[in-house]
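Chains as they are written, first to last, in this note's numbering: chain A, 1 to 323; chain B, 1001 to 1330; chain C, 2001 to 2276.
It should be emphasised that the hints constitute simulated quantities derived from the structure, not laboratory data. Cβ coordinates follow ideal geometry from the N, Cα and C atoms, glycine included. Each hint should be verified, as a subset may be incorrect.
Chain A stretches covered by chain B per the calculated footprint, using a threshold of three residues with CB under 8 Å from any CB of chain B [unchecked claim]:
(1) 181-191
(2) 270-278
Negatives, chain B to chain A, calculated, CB over 12 Å [stated by the list, open to error]:
(3) 1086
(4) 1087
(5) 1316
(6) 1323
(7) 1324
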Amino acid sequence: MSDLLEINDLRVHFPVKKGLFQRPKQYVKALNGVDLNVRQGETLGIVGESGCGKSTLARSIMGLEEPTSGEILFNGKDYMNADAKDIHHMRRDVQMIFQDPYTSLNPRMKAGESIAAPLKAYKETDRVEKRVRELLELVGLDPDTDYHKLPHEFSGGQRQRIGIARALALEPKLIICDEPVSALDVSVQAQVLNLLQDLQKKLGLTYVFIAHDLSVINHIADRVAVMYLGKVMEKVDAGSFQSQALHPYSRALLSAVPVPDPSEERRLDRIVLNGELPSPADLPSGCVFHTRCPLATERCRTEVPVLEEKHNPNQKVACFHTG
Amino acid sequence: MLKVDNLHVHLDTSDGIVKAVDGVTFSIEAGETIGIVGESGSGKSVLAHSLMRLNPEPPATYPKGKVYVNDRNVLQMNKKELRHLRGNQVAMVFQDPMSSLNPVFKVGKQLIEGIQAHRKRPKKEAKEKAIELLRDVGIPDPESRIDSYPHQFSGGMRQRVLIAMALASEPKLLVADEPTTALDVTIQAQVLDLLKQIQHKYGAAILIITHDLGVVAQLADRILVMYAGRIVEFGSTQDIFYRTAMPYTWSLLRSIPTAGAKRRLIPIDGQPPSLIHPPKGCNFEPRCPFATDACRHIDPDLEPRGDGHQAACILSASEFESIKEEVASS
Amino acid sequence: MFQKKTNVLALCILSLIVLATITAQWWLPFSPTNIDPEKRLTAPSFDHWFGTDDFGRDVFARTVVAAQVSLAVGGIVALFATVIGTTIGLVSGYFRKVDFILMRVIDGFLAFPALLLALALVAALGGSLINIIIALTLAFFPVMARVVRSATLQVKNESYIEAARTTGASHFVVITRYIFPNILSPVIVQSTFIFAKAILAEAALSFLGVGVDPSTPTWGSMLQEAQIYLTIAPWYSIFPGLGIVITVLALNLLGDGLRDAFDPHQVKRKPRTKVA
Chain A
1 MSDLLEINDL RVHFPVKKGL FQRPKQYVKA LNGVDLNVRQ GETLGIVGES
51 GCGKSTLARS IMGLEEPTSG EILFNGKDYM NADAKDIHHM RRDVQMIFQD
101 PYTSLNPRMK AGESIAAPLK AYKETDRVEK RVRELLELVG LDPDTDYHKL
151 PHEFSGGQRQ RIGIARALAL EPKLIICDEP VSALDVSVQA QVLNLLQDLQ
201 KKLGLTYVFI AHDLSVINHI ADRVAVMYLG KVMEKVDAGS FQSQALHPYS
251 RALLSAVPVP DPSEERRLDR IVLNGELPSP ADLPSGCVFH TRCPLATERC
301 RTEVPVLEEK HNPNQKVACF HTG
Chain B
1001 MLKVDNLHVH LDTSDGIVKA VDGVTFSIEA GETIGIVGES GSGKSVLAHS
1051 LMRLNPEPPA TYPKGKVYVN DRNVLQMNKK ELRHLRGNQV AMVFQDPMSS
1101 LNPVFKVGKQ LIEGIQAHRK RPKKEAKEKA IELLRDVGIP DPESRIDSYP
1151 HQFSGGMRQR VLIAMALASE PKLLVADEPT TALDVTIQAQ VLDLLKQIQH
1201 KYGAAILIIT HDLGVVAQLA DRILVMYAGR IVEFGSTQDI FYRTAMPYTW
1251 SLLRSIPTAG AKRRLIPIDG QPPSLIHPPK GCNFEPRCPF ATDACRHIDP
1301 DLEPRGDGHQ AACILSASEF ESIKEEVASS
Chain C
2001 MFQKKTNVLA LCILSLIVLA TITAQWWLPF SPTNIDPEKR LTAPSFDHWF
2051 GTDDFGRDVF ARTVVAAQVS LAVGGIVALF ATVIGTTIGL VSGYFRKVDF
2101 ILMRVIDGFL AFPALLLALA LVAALGGSLI NIIIALTLAF FPVMARVVRS
2151 ATLQVKNESY IEAARTTGAS HFVVITRYIF PNILSPVIVQ STFIFAKAIL
2201 AEAALSFLGV GVDPSTPTWG SMLQEAQIYL TIAPWYSIFP GLGIVITVLA
2251 LNLLGDGLRD AFDPHQVKRK PRTKVA
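Using the sequences and the hints, build the whole thing.
Shown next as structure tokens:
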């Protein structure tokens, strides 16, 4: 399979300004050298805790954030250095589904209008209504009754379906899902996850699926990338993530998730990480994880580990202690 | 130590009366951990707030039922008695650790006030007690951290401070309303561990409210499943997870993704019912995969399904077992 | 909105005043300019409901006709100030690069009291109806720009704005279709307040003698002419004064009512509560 999206050494640094006219002295390093590739037709899951840079990554791919350096290649073409017109055309192939279905829809726009908006933005004005009806049906809403309703008349799950229909309107190739189910109730979560999987099969979509919930990622992703403080710590096939994750941070994350099974749950040897996330404005030297890592040694404090193949070609880990 | 008897809580809204809690009966023994599980709108938070009478009135009213803490009815207490209850017997840990602390006072000051409200003692002694509490909840270097402001703590540390404040009154019951929802998984693991240690050391009963079945599986001795303002199943953690006796609980367990096996999720169709005009029969009937005609008319009560295990469903334990087997084999 | 009695009352009063003013020429018993030297400064009577002024003109007719000018000035100023202020506020709140410059200009305007600014402008431009409208618009749009800017900044951070951007919406579409409809409520509320303030300011300018051409009666100029007769012919001052008070009060009540109706955070009689 070929790579649909390739990200090379992407960095996004935000200046921290102190005072009105002063030059920034510090930078928040939200992304600090991220390498990723997304293959045609797969779901790449990105996990990490708040502050790991996963949302900044999504925003950079969508062109909402200006990267400091690095490359984003879409279909082999450089996204960042293209001119405005090319970007406008490229962007229709990459769409996004947002986290909060309560704030991601314009409260004064009817469901049908929200879904039609991207079509209008790309001047595809003929047969808009028919297309919107198809989309409503595709995501499991009723084209007759739901077309003219305002967002507040829908439940959270239904709103998320509208958001999905809007993302599908331009027939994109890649969809960035930024925590699409974390604001939903568990029973509704399953509805939306199933819908996303069905759509992928039917329309041949590629997903970048961002979540903090490991069980959701495990369920939906083909490959998983674990992020910590603006870096990718480990990349592995989703099938072997649970059992064969090597990076100590991945292991800690996996063991921290409470499993909904009492006997399993009480048997587990939990790795409880000490301490808190360091500030991204003042990153630790060496491996960024060393301040909380149970395996950290002197080398970790001074040297930065790179992502390297471990055990099999589908697993890359950035750690000195994983043989 | 806590007994809730046929409690009804209504919320008077512009759309009508919301029956947020609609006839709930249960009790908590000293030192045990009970988990309340339910989706948003199931009334679990309103129920928890009722135990200390913390729901704003209006819109909340308590038309029926009783809440006994140590044989005293909370719903009939006057202001002074309520203050005594909140300061000494029941304490609450809220979901959002940022908005539950006063941002303009030092953490130590807030903690010392809590300690002195519980029992009058000299400032110096109260401060020592505050430092001890902060150490108990795992805050490093409590002697200097006591002079920090809330914004100088991270989310996880703030939640620890809140737990320390709850413990200041040496409560018999700690009500934790989604205490880890706002936290990251690794921090959540720390806080859940802390709650277990605390219970061990202080011997308080814990009532934990959550939508996360994983959290209750880890922490609770008994679980109470709420749906549309009612308890639909109540039993030991083992009962709920392995001897499920109510279609809602069963559907809920099947709808969550589990590690390892990549099976297709089985969602619960539809939406929870309106609490202003609940269905005439069983509340879960419109979404229930096994609903029959009878379910549309009969509103089932909680009935025993074995030792300490109760469920609200017209299907008997054996009938439901055979249906489950049927589904599993197909 | 219509549940509160004061809101309904304010709306009724305003409708009545507007209706009366518009149709005045067909039913007024006297012309406002009809001079009758024999009836100078007569007290209110069955013929002259509000009495007469120092030229024997009917105060009732003059008060009603004066409302035409006051309402027209207030309405047009409110409209212009709203359009200009909203445009500047939207642009300023949305594009951060122009924000700094635009807001310093607005701050400059706001540094002067609105009335003083209007007074200086009218003094410089000359006192005609158009100049008064220009002056008052310049005096009141900065407030609107500030209000709209802060509302825009708030709405801009909602994720539906980001969503619109990612689906290819242009800045113009984002501003007009996504931001503007969501900030409409503070705009409407603020414009009713500007309406009221403009009526007061116009009256003040006329009272100070820099207002509209003296031949057209306005509430302000009537008060100015009446002040020397205050002790012997109080009706001459009272009725135009009442006109101002009632209109401004009704507008302010309406504005408050609209704000409550639009603002979901305000406690209503039966609060809508989220069940969690």
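Worksheet item: If you check each hint against the structure, which ones fail?
Response: Of the numbered hints given earlier, the structure breaks none, since each of them holds.
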